[in-house]
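Residue numbers (numbering that gives the first Met the number 0), protein chains in the order written: chain A, 0 to 186; chain W, 0 to 171.
Don't read these hints as lab results, they were simulated from the structure. Certain hints may be false.
27 Å max Cα-Cα, derived DSS-like pairs, lysine-lysine [said to hold, decoys possible]:
id, chain 1, residue 1, chain 2, residue 2
1, W, K93, A, K59
2, W, K40, W, K114
3, A, K59, W, K40
4, W, K40, A, K58
5, W, K93, W, K40
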Amino acid sequence: MLKVLQQPWPWYVAGVLIGLIVPALLLLGNKHFGISANLRHACAACFPAGIRFFRYDWKKETWNFFFVGGILLGALLTNLWIPNTDPVQIHPALANELAGYGITDHSSLVPQELFSWHSLFTLRGFIMLIGGGFLVGFGTRYAGGCTSGHSIMGLSDLQWPSLVATVMFMVGGFIMANLILPVILHL
Amino acid sequence: METTTQQSTTQTVNTDFEVRSLDTICINESQRQHPWWYNFKYLAVGLLFGIVFVKAEIISWFRIQEMFRLQSFHMYGVIGTAVVVGMISVWLIKKFNIKTIHGEPIVFHPKQFNKGQIYGGLLFGLGWALTGACPGPLFAQIGTGAGVVLVVLLSAIAGTWTYGYFRERLPH
Numbered sequence: 000m001l002k003v004l005q006q007p008w009p010w011y012v013a014g015v016l017i018g019l020i021v022p023a024l025l026l027l028g029n030k031h032f033g034i035s036a037n038l039r040h041a042c043a044a045c046f047p048a049g050i051r052f053f054r055y056d057w058k059k060e061t062w063n064f065f066f067v068g069g070i071l072l073g074a075l076l077t078n079l080w081i082p083n084t085d086p087v088q089i090h091p092a093l094a095n096e097l098a099g100y101g102i103t104d105h106s107s108l109v110p111q112e113l114f115s116w117h118s119l120f121t122l123r124g125f126i127m128l129i130g131g132g133f134l135v136g137f138g139t140r141y142a143g144g145c146t147s148g149h150s151i152m153g154l155s156d157l158q159w160p161s162l163v164a165t166v167m168f169m170v171g172g173f174i175m176a177n178l179i180l181p182v183i184l185h186l
Numbered sequence: 000m001e002t003t004t005q006q007s008t009t010q011t012v013n014t015d016f017e018v019r020s021l022d023t024i025c026i027n028e029s030q031r032q033h034p035w036w037y038n039f040k041y042l043a044v045g046l047l048f049g050i051v052f053v054k055a056e057i058i059s060w061f062r063i064q065e066m067f068r069l070q071s072f073h074m075y076g077v078i079g080t081a082v083v084v085g086m087i088s089v090w091l092i093k094k095f096n097i098k099t100i101h102g103e104p105i106v107f108h109p110k111q112f113n114k115g116q117i118y119g120g121l122l123f124g125l126g127w128a129l130t131g132a133c134p135g136p137l138f139a140q141i142g143t144g145a146g147v148v149l150v151v152l153l154s155a156i157a158g159t160w161t162y163g164y165f166r167e168r169l170p171h
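Chain A with its partners taken away, still in its complex shape (with noise of 0.2 Å):
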């Protein structure tokens, strides 16, 4: 039982797993699964500073500060107890493209060479952290949701808007790890 738990999960697994927990959230407490908005209620709670946007009573959100609490512990336990101890089974053009930029590690699930507080003081790292980060907090709220809001509940209530942003998604990561990231990762 432990092998099989210590081995990557397949999609399939996974899918389902993250499937059950719209009807889980809904069930529980007439909550729509969606996490960037977490960040908003970080504004709303920490620094308002008067703006509209961030005047709504984020206490009655506090289940999902809550919601993603346990995700991060769920990280934490998971590589306590039952760490996947393989490297990452990567696509072999993309370690070769990769190792091409002298990214070779793939002991993590997070390329060492890219994300470490070294890395964070080199130009490629910081556009990349500060950067991703930045357009991943903007772009999330300027489109209402984010993989869980639009993805997966929002395609899950048929919404069709969630469909446009989900097209969207993938458009804008196609064009950064094609045409951008190469140039990036040359820095």
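Fit chain W to the given chain A structure using the hints.
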């Protein structure tokens, strides 16, 4: 000048509800007052989610790169299956009028289309491929010990704040 002010006021009144519903904010306000520790049930769901995130390598930067280069089916399989399971669940809840465990009716809110879904979606997509993470995985990456992702998260909060600041001047 006066018309502009009036216009923006009306718009704000309109979009506020819209934004609340769009933003996956809980507009289904519970009539029941639960003690705060009832929120631990959401922590439990999050906990399971966090485990799946790590075990299925969904929070891996490499997996996201593969997805956007069409080199792997993994992420498409995960998201596709999740959507199908979610759709069936929502359909069942609507069909049988299933209530919450506290006996309250479950309410759905249609999302309104606005141009933000196009522009914002595109910007988020760019950020997704850079960081290899959407907002959920950011928390999970921190949990696995990638401490520097805390900076990414703070930057994301700054991004959301900046959006809130410029919101009324952006096309929607």
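Against the structure, the hints come out as follows:
{"no.": "1", "hint": "K93/W - K59/A", "result": "holds, 25 Å"}
{"no.": "2", "hint": "K40/W - K114/W", "result": "violated, 35 Å"}
{"no.": "3", "hint": "K59/A - K40/W", "result": "holds, 15 Å"}
{"no.": "4", "hint": "K40/W - K58/A", "result": "holds, 17 Å"}
{"no.": "5", "hint": "K93/W - K40/W", "result": "holds, 23 Å"}
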